[in-house]
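Top line first, the protein sequences correspond to chains R and D. Following my numbering, the numbering of the first sequence begins with 152 at its first residue and continues without gaps. Following my numbering, the numbering of the second sequence begins with 244 at its first residue and continues without gaps.
Simulated from the structure, these hints should not be mistaken for lab results. Heads up, a few of these hints could be off.
Stated by the list, open to error - Pairwise CB distance ranges (calculated):
1) D:D409 - R:S235: 57 to 65 Å
2) R:E242 - D:S431: 31 to 39 Å
3) D:S431 - R:S168: 25 to 33 Å
4) D:D409 - R:A485: 57 to 65 Å
5) R:Q169 - D:D422: 35 to 43 Å
6) D:E351 - R:R414: 37 to 45 Å
7) R:R441 - D:P369: 31 to 39 Å
8) R:L299 - D:P314: 36 to 44 Å
Only a predicted model underlies this, so the values are computations on that prediction, with no experimental measurement involved. Built from N, CA and C at the ideal position, the CB exists for glycine as well.
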Amino acid sequence: MRAPRSDRAPSTRSLRSQLAWVIAVLSGLPNLVLVGTVLLPVYRRTGSLTPGVWMFIGAWLVAVVGISVFVGYVLSRQLLAPLSDVAEDIEALPRAVPGARLSMSGREPREVLAVKRAFNAMLEEMHQEQARRSSFTAALMHDLKTPLIAANHLLNVVRDNEELTREQRIEVVSRLSTENQALIDLVQKMVDAHRLELEDVPLKREASDLRVLVAGVLERLQPLSRERGVDVAVQGEARARVDPKELERALYNLLSNAVRYARSRIEVEVFPGMVRISDDGPGLPEPLERLAQPFNGQPVEIAGRRYTAGTGGLGLFIARRVLEAHGGRLVTEASGERGTVLLAYLGGGAM
Amino acid sequence: MRVLIADDHPLFRMGLALALGAEGFDVAGEVENGRQAVERCAQGGIDVVLMDVKMPDMDGIEACRQAAAAPRAPVVVMLTTFEEPAIVRAAHEAGATAFLSKETEPRELARLLRAILDDPERDWMPRVELPDLTPREEQVLRLMARGLSTKAIAKELGLSPETVKDYLLGAFRKLDVRDRVSAVRRASELGLL
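For reference, chain D alone in the conformation it holds in the complex:
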């Protein structure tokens, strides 16, 4: 199985290459940014790309989008320290097959890679649980994230401040937060804003 490692950190590439080599993988290439990853994939002969998210020149999400859209596209596995749901979602939309943490032990990583390559059609992406917000709750949350006070939101939507407060409390409960700031943070992490 031919693996391409795309990561801007030379030591990480070296560690991973040695570890995967010891697990019987053929590390067919190492690149340090997204653009090089796309170019290397286009040359063919790669079964799976281990793609970092944050890289100079072109980030891993964009590189994944381009690599996965090309003919004879390899399987793209995101391997990253990020775990924000918004990034997982973006990777999913870009066509990534799996999303793994860099902390995964090499042996476990090798096992997972084999399983993923055996059945690349299966949904390997982590579940991003999106809270079930009503359209009104989402609308009120968006206005709040723009910095409007309850009174101002009420005026904007033609509702009473009490009703707005109810929507906000509903949204807080679903987002599992207790105040406005955490609500905005959580909603933006989930890519809701």
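The shape of chain R in the complex, shown without the other chains:
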């Protein structure tokens, strides 16, 4: 990943030549002043100078200029050496290799150390992001592939096995359809997360009934809550100026997580400017701030390799971004063995 040479603008002046000129001028100037202050009174007194003196002055000036330029050349090189060393180190560094970083000897000037530190921090961030994405991709491949393979097995069974009863057949097909819906949901989440990661969410705010929005989402989730045997209770009434479509998306992600992880019950309370969602599940595996990142999930290690436990973090990220776009935020009120309570603040949207 070497930077192409053409990146360097042709008009760029070299810092070193500028520094060399400054040093040369600074070291030459006192000599010129000296020559001036010694010779000017003599010239004034005598009215003229002998050719010998002129020649001496000329030679002296040439020597002064020469020495000044030499001093500038040497000093500028020495002063900028740590900087060129850093450039060389960066050039030689296998940057794309995870763990690559510039070594610090401690002998470098403070400013150069600061540059190195900043560069290392940036590299570290880049590698972390890369590692996060690649473990997410591995998890995603697993999450997409397993149900597809399973569906294939089931379809073959339905095709080849004539002994299946009608009930069994219906059971298999409805399971397939549920799974298909889950896959569609997953792909939709990816699309949403990708969109929300890149751009700000444009909102079409309108006066909306929060209770109706929550009820609509819960109705969509009814097959899942019924299958899992989870009781759902809704309380409170409130209206808000929100983008109903986007907020519904956020609520769907939060509520589907709650239904998916609850042991027996979830509770949704609607307040002006806030929706409180509690479940009696096992609690969040990691702090919300870490989970609600795009393409991040609970990490697991298998045989020394890191994988994301699932694609569950996507939903939290989507919800967080939508709430932030409304001027609100997503907060954990409680998370532990007795369950999770999340607060979805709507910010300026309250009415």
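Fit chain D to the given chain R structure using the hints.
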């Protein structure tokens, strides 16, 4: 033949159970994580466990280690979408008898399972070809994976940068890669780092 299916995906368990049932196997149980698999094996009466690798609570490799170490241990067959050599190696070390892809057709899977149970002592694990790296090449590769430049590796090992470069090129050739990043990736896949 009594089979235990350990997989966190309900649809996969259902598909496999129906398919294996149709092939004449007795699916004696379905569990959704490694811990349950170990517990079910301890109860006895299982001939073979079809074990997924990635499962919540306890992964398939650890479950395989515990199930295979117990007395009256069943034959453990890893059935997974993973194919990284590092995982195959870990499964081998954990005592797995075979390592199959989830994509194996049920009929073929049934045939393989019968063959495996007929001769569980045979080595059914896929070959993991490890490149024949010299100790120096491995050492240089490890330092490179820590992010050291050629110059820094040379300094660390007291060699000339040219010699380090030769070792690296040797390692690249054996790993069948062309640059540092792929070399590190490949080496970590092979469990060399």
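Outcome of the hint check:
The hint said 57 to 65 Å for the Cβ distance between D409 (chain D) and S235 (chain R), and at roughly 27 Å that hint is violated. Remark: the range hint 31 to 39 Å for E242 (chain R) to S431 (chain D) is contradicted by a beta-carbon distance near 25 Å. S431 (chain D) and S168 (chain R) have their C-beta atoms about 46 Å apart, which leaves the hinted 25 to 33 Å range violated. A beta carbon spacing of about 60 Å between D409 (chain D) and A485 (chain R) agrees with the range 57 to 65 Å that was offered as a hint.
Taken as a hint, the range 35 to 43 Å holds for the pair Q169 (chain R) and D422 (chain D), whose Cβ atoms sit roughly 37 Å apart. A beta carbon spacing of about 40 Å between E351 (chain D) and R414 (chain R) agrees with the range 37 to 45 Å that was offered as a hint. Checked against the hint of 31 to 39 Å, the pair R441 (chain R) and P369 (chain D) passes, with Cβ atoms roughly 36 Å apart. In this structure, L299 (chain R) and P314 (chain D) meet the distance hint of 36 to 44 Å, their C-beta atoms being roughly 38 Å apart.
Comparing the model with each numbered hint stated earlier shows that hints 1, 2, 3 do not hold.
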